[in-house]
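Following the hints, put chain B in place on chain A, whose structure we already have.
Residue strings, one per chain:
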Amino acid sequence: MLHAIAILLACQLAGQVTVTALGLALPGPVLGMALLAGLMLAFPALHEVVRGLAEGLLAHLSLLFVPAGVGVVAHLHLLGENGIALLAALVVSTLAGLTVSVLVFAGVLRLVEPRS
Amino acid sequence: MTPVVDIWVYLTDEPLLWLTATVLAYAVGDRAFRASGRKTYVNPVLIAMLLLGAVLLATGTTYEVYFDGAQFVHFLLGPATVALAVPLYTNRSHILRTALPMLAALVAGGLTAMLTGLGVGWALGLRGEVLLSLAPKSATSPIAIGVAEAIGGIPSLTAALVILTGILGAVIVTPLYDALGVRDYRARGFATGASASGIGTARAFQVDPVAGAFAGIAMGLNALFTALATPLVVGWLF
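Just so you know, the sequences run in chain order A and B.
If you're matching positions, the first sequence starts at 427 in my numbering and goes up one per residue.
If you're matching positions, the second sequence starts at 12 in my numbering and goes up one per residue.
It is worth saying that the hints were derived from the structure and are not from the lab.
Computed from a prediction, not measured in an experiment: that's the story for all the values here.
Any given hint could be a false lead.
Residues on chain A that point at chain B, a partial pick, calculated with CB under 7 Å [said to hold, decoys possible]:
no.	residue
1	G449
2	P453
3	L489
4	A494
5	V528
Simulated DEER-style distance windows between Cβ atoms [what the hints assert, rightly or not]:
no.	chain 1	residue 1	chain 2	residue 2	range
6	A	L467	B	G246	35 to 45 Å
7	A	V475	B	G136	46 to 56 Å
8	A	V475	B	V66	21 to 31 Å
9	A	V475	B	R138	46 to 56 Å
10	B	L22	A	L467	42 to 52 Å
11	A	A514	B	P220	26 to 36 Å
12	A	L537	B	T73	45 to 55 Å
13	A	G506	B	W247	26 to 36 Å
14	B	L27	A	Q442	21 to 31 Å
15	A	E481	B	G136	40 to 50 Å
16	A	Q442	B	L122	26 to 36 Å
Backbone N, C-alpha and C define an ideal beta-carbon position, used for all residues, glycine too.
Bound-form chain A, shown alone (with noise of 0.2 Å):
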């Protein structure tokens, strides 16, 4: 437990020093997540190290989202005059997004993977 928290908070640190020094147009916490992969593949052992808390976060990654939730209700208001076409914009656009992107996939794996 606790080599896996220093591994993972080593990772993020290591992403965000990385991504300030080079001026990345990347979250700190994606490239950790890169980094962290990177060393997984090149030391399976570390995989047993950090599975448990991995996966303990993973399971209630929703809870995380919950304080930036409420600042979107705090300031609904901030939507004003434009609230109605922002929300139709983000409805139609996101709508297209997951039908695009699941249709191409699927298409796209059936040329590459024909028996499935």
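Relative to chain A, chain B alone:
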């Protein structure tokens, strides 16, 4: 005995109250989700944020005071994002075999979301910084906020749109994909993470571990795609 008002003053000075309230509100949401037979529209994040929003309003608490406590939960988003490496590693053979579908879905879905968002917003009369705030909303918040700043949008508005997109995506994705007849959890998970970022990924993990792994990688790839493509698309359109 200490008067109730004094206890309240003491509690509102401490982060513990709103930290506890956040976890409790989510527990209520999660309980409701399970009690409903895991119905997709009974989203625990949505329930928790509405409950807490109502409590803040009723007690006259500002978001800043609330966030002093809730930031401890918020902070864990960073380590949880790093933790996505574990399902990525577990499913690595799956993922390597589907590099081509992932790339195609990422570009097609990303451009579709961006162009339809800008198109509908423009048609309904949105212009300038409000319209531009829509462009990066499918990416995970830190990227979306940075891109909004770079292209002349309003970062706080984009942050709200990211959350609303995530909630909407998490609520409609299961009925939508059932209606479309797509059963492959790799495709469903990937498209959800690419379109509805973190909250979509959380939803994918509720449904299936493979869907969750693909949603996680999609969220990471879409962060990269949004950062690179949004300035180009916006520069070309406006």
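Query raised in the report: Hey, does the L489(A) contact hint survive, CB to chain B under 7 Å?
Result: 5 Å, holds
Requested in this report: With respect to the beta-carbon atoms only, verify the hint that L537(A) and T73(B) lie 45 to 55 Å apart.
Outcome: 54 Å, holds
Requested in this report: Please test the hint of 21 to 31 Å on the beta carbon pair from V475(A) and V66(B).
Outcome: Violated: the Cβ-Cβ distance is about 39 Å, outside 21 to 31 Å.
Requested in this report: Using 7 Å as the Cβ threshold, decide whether G449(A) counts as touching chain B.
Outcome: Cβ of G449(A) sits 11 Å from chain B, so the hint is violated.
Query raised in the report: CB of L27(B) to CB of Q442(A), is that within 21 to 31 Å?
Result: Holds, since L27(B) and Q442(A) (Cβ atoms, about 27 Å apart) stay within the stated range.
Report task. May I ask you to test the interface hint for A494(A) with respect to chain B, counting a Cβ-Cβ separation under 7 Å as satisfied? Result -> 6 Å, holds
Report task. Evaluate the given range 26 to 36 Å for the C-beta pair formed by A514(A) and P220(B). Result -> 35 Å, holds
**Report entry** Supplied distance hint 46 to 56 Å, evaluated on CB atoms of V475(A) and G136(B)
**Finding:** With a Cβ separation near 55 Å, V475(A) and G136(B) satisfy 46 to 56 Å, so the hint holds.
Query raised in the report: Does V528(A) pass the interface check with chain B, least Cβ-Cβ distance below 7 Å?
Result: Nearest chain B Cβ about 4 Å off; hint holds.
**Report entry** Cβ distance range 42 to 52 Å for L22(B) and L467(A), holds or violated
**Finding:** 48 Å, holds
Query raised in the report: Does P453(A) pass the interface check with chain B, least Cβ-Cβ distance below 7 Å?
Result: For P453(A), the interface hint holds, since the closest Cβ of chain B sits about 4 Å away, which is under 7 Å.
**Report entry** Pairwise beta carbon distance, G506(A) to W247(B), judged against the given window 26 to 36 Å
**Finding:** 29 Å, holds
In this structure, the hints that do not hold are numbers 1 and 8, in rising order.
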